[in-house]
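Chains as they are written, first to last, in this note's numbering: chain A, 1 to 265; chain B, 1 to 476; chain C, 1 to 516.
Check the hints yourself; a few may be wrong.
[Claimed, not checked] Just the calculated beta-carbon pair ranges, DEER-fashion:
no., chain 1, residue 1, chain 2, residue 2, range
1, B, H444, A, R107, 21 to 29 Å
2, C, S206, A, T56, 38 to 46 Å
3, A, T56, B, E414, 17 to 25 Å
[As the list claims (entries may be wrong)] Over 10 Å on every C-beta distance to chain B, these chain A residues come out as not near it, computed from the model:
no., residue
4, N6
5, E15
6, T23
7, T35
8, T56
9, G58
10, L68
11, D119
12, E150
13, E231
14, L232
[Stated by the list, open to error] Quick look at which bits of chain B chain C covers, simulated, 3 or more residues with Cβ under 8 Å:
no., stretch
15, 235-242
16, 369-378
17, 392-399
Keep in mind that the hints were calculated from the coordinates and are not lab data. Note that CB positions come from ideal geometry on N, CA and C, so glycine has one too.
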Amino acid sequence: MLEIHNLHASIAGKEILRGIDLTIRDGEIHALMGTNGAGKSTLSNVIVGHPAYEVTEGSITFNGQDLLQMKTEDRATAGIFMSFQQPVEIPGVSMQQFMRAAVNARRKALGQDELKASDFLRLMREKRKLVEIDSRLVNRSVNEGFSGGEKKRNEIFQMAMLEPTFCILDETDSGLDVDALRIVAEGFNKLRTAETSALVITHYQRLLDYIRPNVVHVLLDGRIVKTGGPELAQEIENRGFDWIKSLTPNPSPNGEGNSRSSSLI
Amino acid sequence: MKANEIVATPLSPRRGGGDEASQYIDLYASQRELICSGSAPVMNAVRDAAMQQFAAQGFPTLKEERYRYTDVAVAFAPDYGLNLSRVRIPVNPREVFRCDVPNLSTDLVYLVNDQPLLEKPIPYVSSLRQACIDHPDIVAKYYNKCASVIPSLSEKGPGGEVLLNTAFAQDGLFVHVPRGERMNHPLQVINILRSPVDMMVNRRVLIVLEEGAEATILLCDHAMDTVSFLTTQVIEVFCADRSRLDLYELEETHTSCRRFSNLQMTVGSDCVVSHNSITLYNGLTRNTADVALTGERSEITMNGCVVADKNQHVDNNTLIDHIAPSCTSRELYKCVADDEAVSAFAGRILVRKDAQKTSSKETNNNLCATDTARIYTQPMLEIYADDVQCSHGSTVGVLDQQALFYMQQRGIAEAEARLLLKNAFVGQVIEQVRLQPLRDRLHHLIDKRFRGELNKCTGCALCEPHPQPLSEGRGA
Amino acid sequence: MSDKDLNKDKLSGPAQPLSENRNAREERDGNASAETSNDFVRRIAEQKYQFGFTTDVHTEVIDRGLNEDVVRLISQKKGEPDWLLQFRLEAFRYWQSQEQPSWGHLRLPDIDYQDISYYADPTARKADGPKTLDDIDPEVMKTFDKLGIPLEERLALSGTAVDAVMDSVSVKTTFKERLSERGIIFCSISEAVREYPDLVRQYLGSVVPYRDNYFAALNSAVFSDGSFVYIPKNTRCPMELSTYFRINARNTGQFERTLIVCDEGSYVSYLEGCTAPMRDENQLHAAIVEIVVLDNAKVKYSTVQNWYPGDSEGRGGVLNLVTKRGHLRGRNSRLSWTQVETGSAITWKYPSCVLSGDGSQAEFYSVAVTNNHQQADTGTKMIHLGRNTRSTIISKGISAGHSENSYRGLVRVGRHADGARNYSSCDSLLFGNLCGAHTFPYMDVQNPTATAEHEATTSKINEDQLLYCNQRGISTEDAVGLIVNGYAKDVLNKLPMEFAVEAQKLLQVSLEGTVG
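Go ahead and model the full structure; you've got the sequences and the hints to work with.
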């Protein structure tokens, strides 16, 4: 589904990603863990096409398509969805207006007709129940005045509406209490099909109790320094990231040792 | 319609480069009899003084603080015809024209240029000229009196374009709601500009709400023909104590229209008044609004929304004069300028010495969409009382880049995302429209406007050099 | 004690007015808590001006009146080269063709430009101006001592070099030699014309051309003295530079001219202070300050303006009609204006910034206090021309008595100023309802990637805060001082420390009696 090869990216001239290699197959869930500033959010932003980030080297392909050549919206309609860490408030644009535009864009990309207004409203109602989101919320402006938990739930609601094939959950657990976390995670699990893949970005094991990953990566200083099974997440939970830092650095995933980063570790 | 059916009096056969004011002075001198015979004594009584004053002061210049963004003289320089001999323009507006704001269950009045066509008698509404004949004492009590009641206007005197209107206006609309009465339906006034030749129209509106009266009035400006129009409009509004008025103005004309509108309003005590000015499509527009709060505890809301592109020019200039204590004013103007458009907003809040306990808030937000568009904003607070809460704010900004990205991540194309954000930007003003059907309609119109669809169906000279035959009308 | 008494008294030293004020305050403190705000408003009018004394010094004053011969005479007295005389004459001819502007929210009295003397020299006893301290009339020395500006370097505030200007002539510039070791030029502009003609010629009038406005033309024709500062490349000026302006002679105008050039990668902080004696007639002060900031350079310009504001009836006072402008020519150059305006009968002043260098940043911080019959129309202009330029405007107006206090500012973003940002915040505080507080911000934006934001509020002093202070035993007067200083804090914080202390005191004195 998603193949990332030797990805280097920078923001405002500063290199953040220093050679990422990552392959996510259909139906797989990958967790990406790491400390603040390791480059986790940069990676997700580069995948969805945030204009502030510049890819200086490497490639990303999505179902065979060269993702880096595609506009943000085309990546989205191709089936990539990101649950934002801090969803932006858009005063004056109603959730209905907004979702209708998004759903129809996705349908158009899939070669489907636009939804009739009544069908669209019915779809909104169905999906709303799935994530236990209040009808009042969907009648407001996008994210405006939502609490942190409501915003995250709204992200999952939008995922339900758009039925993506690849999801990025960017620290979806941050700022959520246990109940809210459970609702969001269960919502995500309900929405998953056998083909849905995901990249789950988190600091903590907590979220991974609900969303079980197949593979866990640790990102440090712009590189994936360790990859393992679900047990790796548990180990990090127990021993902290310093433990990873103290390890002899993994051979760089692309096979090239880099003396500069070694010295940093 | 043949051109010769309108006896258009040209301003001057051939101007020899004289100054812009002189052609109007000459025309008045030569056509005074004709002007008066096409009007009524009450209106005629004030003409000479107005013209005298105009001759003395001429047009305002860019050096005058209130006119720094619009060159009035240039707009008045071309040669326009005037329908001074009051030839009826043979047109049935209901057949040829359907306004973009239908189905409001309103009482409808058409004004073809400045001549009212009432479909059926509407209580409290009549032609101004007819009112001068039927109720000369009432009209005389109010006509051309507003400026003298608003201190800030009487101090400086009316601008040249207002004086011209007083000198040349022959007809218009009179709304008089007696004490304690209310209009059954909102009154919708559809101003239609029609002419086979370049035309100057001088329209006058007088609205009088007696104590406790209530009214909702919507004034829509449209142009049916692609010739150039120069419109002057003076709206005088008198709101007596405890009256309520919602006044809406919507301009949807074309790029060859020049509009100079002056709203003068005095508000008594315990009134609730709103004014909404929406410029959707135009050429050059200068809207002046002066409101004097002369009684205690009144509330005024003034909102405006401007969507301008191409080489359109919109200049909104407002004054809220707090004379009496304990009044509240709220003002919100939102403007979007694209292409080579110019949008100016200057709003002065004046709180006089005795206007203690005033609460006033003024906001102007703008979007400048290109490096050839231009935004001027000038909110002003002038305060002489200390126990007040006054604030103003203005911004010129760009669309929220984060919101744009968020929407694109959801698969919404950039152009569509921008459109949604622009709609949301001006939508804040539309949300304040109290008439729900009008509000819905305006949202729809603004969406169409941003999509570039509005101009196609209004016979805009720039986009559609050969408009469809008038009789086909337009879909609503 | 009335203003007149104070004047007659010809205070012998700076300590006396201060202690007088303190005594007066103590007397009042006795019943301060019983004071109503009406009393307060009434008493605002009773404030004292500490610096109203005159100096009895032999001063050579040229005859009143203004014509080409006077312009030539001034130039001749200063021994100027021909190019400068021609500059003056062109400016004078232009000035004659112009009319005094009337757009300010001010009632500017008719100024009889022929009734003013355009040159007054208190150092004229010596043929060529004073060379050493010994050459300076002791009375002049005393004057600056009284003002708290000792001209003997050993007595000077550490870390501050001073150029002291009385009437039309620079009396003394301290620490000149020490600064010159680093290549820094700090001297009077007259001296600069003689010693560094090429530098002066290159920059004079390049930021404020004489055609800029009526008063700029007047200044360009008759400017007398002022300071010249040049900071060479990659130099951090080791001390604060300051100019102290004093008007002394009767019926003279002061037309100072200051030029500051900060070369690439350098930094300077410059302070300006001003006072004048109390006189019943208006005194004209029409200055020009030009600042040039090159690549990566930074200039901080602070003013504490305390010209004589006129008496409580509105008689006399300085007409302060000033054009100040900085040109941020270089990439990433920075300029910060800070002003505390408490004096002058009329203030007409808009310290401005032209941001042409990409990435340049400008700031304007202002506190303007008006009392009695003072009028101020002051603010700034931020002209964004370069890319990614930024400006910040923070203005605090305080009006009391019968005064009029207006903020007037312009933010313009040119077509090519991609990414320009501006933020303006203008607050006004009113004491009593006999005064006016006004805000006139103008914005003119022509770039789709620029953002500009303005907000303003007007209110009276918060009575809950006053009550709270009173309840804690703080007198109304002191409470007002506290609250006003808190209100102005954002601006005062921007001043160099000694100045900030001075400015705080000044605020309190200016509002003495109003506070409550």
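Against the structure, the hints come out as follows:
{"no.": "1", "hint": "B:H444 - A:R107: 21 to 29 Å", "result": "holds (23 Å)"}
{"no.": "2", "hint": "C:S206 - A:T56: 38 to 46 Å", "result": "holds (43 Å)"}
{"no.": "3", "hint": "A:T56 - B:E414: 17 to 25 Å", "result": "holds (24 Å)"}
{"no.": "4", "hint": "N6", "result": "holds (25 Å)"}
{"no.": "5", "hint": "E15", "result": "holds (22 Å)"}
{"no.": "6", "hint": "T23", "result": "holds (23 Å)"}
{"no.": "7", "hint": "T35", "result": "holds (25 Å)"}
{"no.": "8", "hint": "T56", "result": "holds (20 Å)"}
{"no.": "9", "hint": "G58", "result": "holds (21 Å)"}
{"no.": "10", "hint": "L68", "result": "holds (15 Å)"}
{"no.": "11", "hint": "D119", "result": "holds (18 Å)"}
{"no.": "12", "hint": "E150", "result": "holds (16 Å)"}
{"no.": "13", "hint": "E231", "result": "holds (33 Å)"}
{"no.": "14", "hint": "L232", "result": "holds (29 Å)"}
{"no.": "15", "hint": "235-242", "result": "violated (count 0)"}
{"no.": "16", "hint": "369-378", "result": "holds (count 10)"}
{"no.": "17", "hint": "392-399", "result": "holds (count 7)"}
Checked against the numbered hints listed earlier, the structure breaks hint 15 alone; every other hint is satisfied.
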